[in-house]
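Going down the list, the sequences are from chains G and P.
Here UniProt numbering is used: the first residue of the first sequence is 1, the next is one more, and so on.
Here UniProt numbering is used: the first residue of the second sequence is 1, the next is one more, and so on.
In case anyone wonders, no lab produced these hints; they're calculated from the structure.
Accuracy of the hints is not assured; some may be wrong.
Intra- or inter-copy, both count: the list cannot distinguish identical chains.
Keeping only pairs whose Cα atoms sit at most 25 Å apart, straight-line, the calculated SDA-like set for lysine to any residue is [unchecked claim]:
1. K149 with L192
2. K149 with P184
3. K326 with E63
4. K242 with E182
5. K55 with S133
6. K186 with G299
7. K249 with Y166
There are 2 protein chains.
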Amino acid sequence: MKIAIDAMGGDDAPKEIVLGAIEATEQFDCELVLVGDKEKINKVLATKPNWNRNKISIYHADEVIEMGEHPGAAVRRKKNSSIVVATRLVKTGECDAVLSAGSTGAAVAAALLGLGRISGIDRPTIATPLPNSEGITLLLDSGANVDSKPNQLKQSAIMGAIYAKYVFGIHNPKVGLLNIGEEPTKGNEQALSTYPLLQSLKTINFIGNVEGRDIPKGTVDVVVCDGFVGNIVLKFAEGLAKTMIDLLKDAIKNSNIFSKLAALVLKSSLKKLSKRVDYAEYGGAPLLGVDGCFIICHGSSKAKAIRSAVGITCNYIKNDVVQHIKENVIKEADVENVKE
Amino acid sequence: MKIAIDAMGGDDAPKEIVLGAIEATEQFDCELVLVGDKEKINKVLATKPNWNRNKISIYHADEVIEMGEHPGAAVRRKKNSSIVVATRLVKTGECDAVLSAGSTGAAVAAALLGLGRISGIDRPTIATPLPNSEGITLLLDSGANVDSKPNQLKQSAIMGAIYAKYVFGIHNPKVGLLNIGEEPTKGNEQALSTYPLLQSLKTINFIGNVEGRDIPKGTVDVVVCDGFVGNIVLKFAEGLAKTMIDLLKDAIKNSNIFSKLAALVLKSSLKKLSKRVDYAEYGGAPLLGVDGCFIICHGSSKAKAIRSAVGITCNYIKNDVVQHIKENVIKEADVENVKE
């Protein structure tokens, strides 16, 4: 298994990306190709003299797409940018997957132009795992598309179910449509038109509409929504979890000496909780629907997040998610043809 | 100040509503009229013999709108239902405000039919306070309308700013448009069209687009969005806060005896945190844009939530929010006319 890593993408690139890659090679059975400015990458590697020479190599690329650039135009123009080169390595078969913490827009553009879409899929979608009280809930789309057509949400449902099954090992995952009420008559126009489409699918276990509160409860495994809603929920979740941990820490700090001692004893419980709601623990999110394995990481990813994302990527490749998506898209199309 | 309370609306009505009303009269300077089944209301009052006879009265109404009914049709048909009668008491001037924990749809229908809209407002909007790290962030619309027109979001911004100022005492409240990125070029069609409208307003302090994470951070006072998005965020927040508290309790429960002792000491800190994220503490949410004071409470409201909601209602009446909205809508319209 060989993964191309966009070493230049992300707020703390290349440092945290390279350090994360080094950590990942200690944990996972894979080869990593660091794509980007050779000199800068080598500087970071030099800080960890024991990095594994058999598992990490460098592929030089001298351009970088900056956060402010127009994604589509930049990807077309900067053919030697790290993200474009890394994607090309997958297209040519030299690598099995690409991983980037660069701008989401640039990642989507690079994936679409470099790998193309799976036949039968109109738009790719980002599937982000959110921690719930039991394990994870997969939220998609969490930001690749806005103003999605109901048919695109249908495709998201098919892909999300496969990803939940093969990467997170959830048997017959429960798929729900994110809405403002459980009844099929509730919601905006998009949700109202999407409901019957999801109901007609044969390869997924559609449980109907779900509400915001069902995500952290863990009563649903795959939650389908428009990228506008998904992205807002995702960022809100990150913010709220952080605020709550901060409030708890403050409450402890401002309490009396006994409470402080107590807090010390409770430290491990608190740490466990922080870990539970730390999105970095869950690593990258796949861009589902492109014809190849493309994993997107949070722009603010630190080494730990990159390491987790490499783990997710290994599972993704090993379980042949792209192939399963292709098969189920064909199965659903057959169902439609029979109906007609 | 006299408030009509729909004693029959809510999952735990009339019990929790009546108990909440009794508590409210101990805390706030107002008269309450309990509207609903006289016999049932009296039964609850009888459990608290010391309730204040000078501040609480009963207004009999023998019909109830059930959760499953079509709101508009039910409000039209059941002219003697508690929510319709309570609203009528405001229309006729016998009461200054109405408060209901019944179905949101029925509340919106009763308000629209019974009180009408403020001139210049197309649709009413629900403004819900969400706790942030410093105080509260007002989220609107949190569920009255879906597929809102940009012009309706503009009206929400005007009304939200007034509510934040006069009820929560926030000076020159910062108003943001909920979006998936800070740049004015980000978002779905609705957000893209709304941005310039908000920018053109003269009576509000528009700070541009805000993201999901800004809500709990408290960097914005009033967040404007479509009711579909707002309702999902609101319910997600309730669910996530609950899940996190549960996880923390679990972590403590499953730890060793020292941690348990520590937890006992920390109990007050934990309680403070729970209180901080407990939406019941923040009481009801106003239906802004109707020509009268209408406060909606969560369907699952317990006595405490009703008590808080009465407090909010008193502030709402005292500060003449409806009048301020009317004035600012006219001011903004003048600005538009001058421009043309």
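Which hint numbers doesn't this structure obey?
Result: hints 3, 5 and 7 break, sorted rising.
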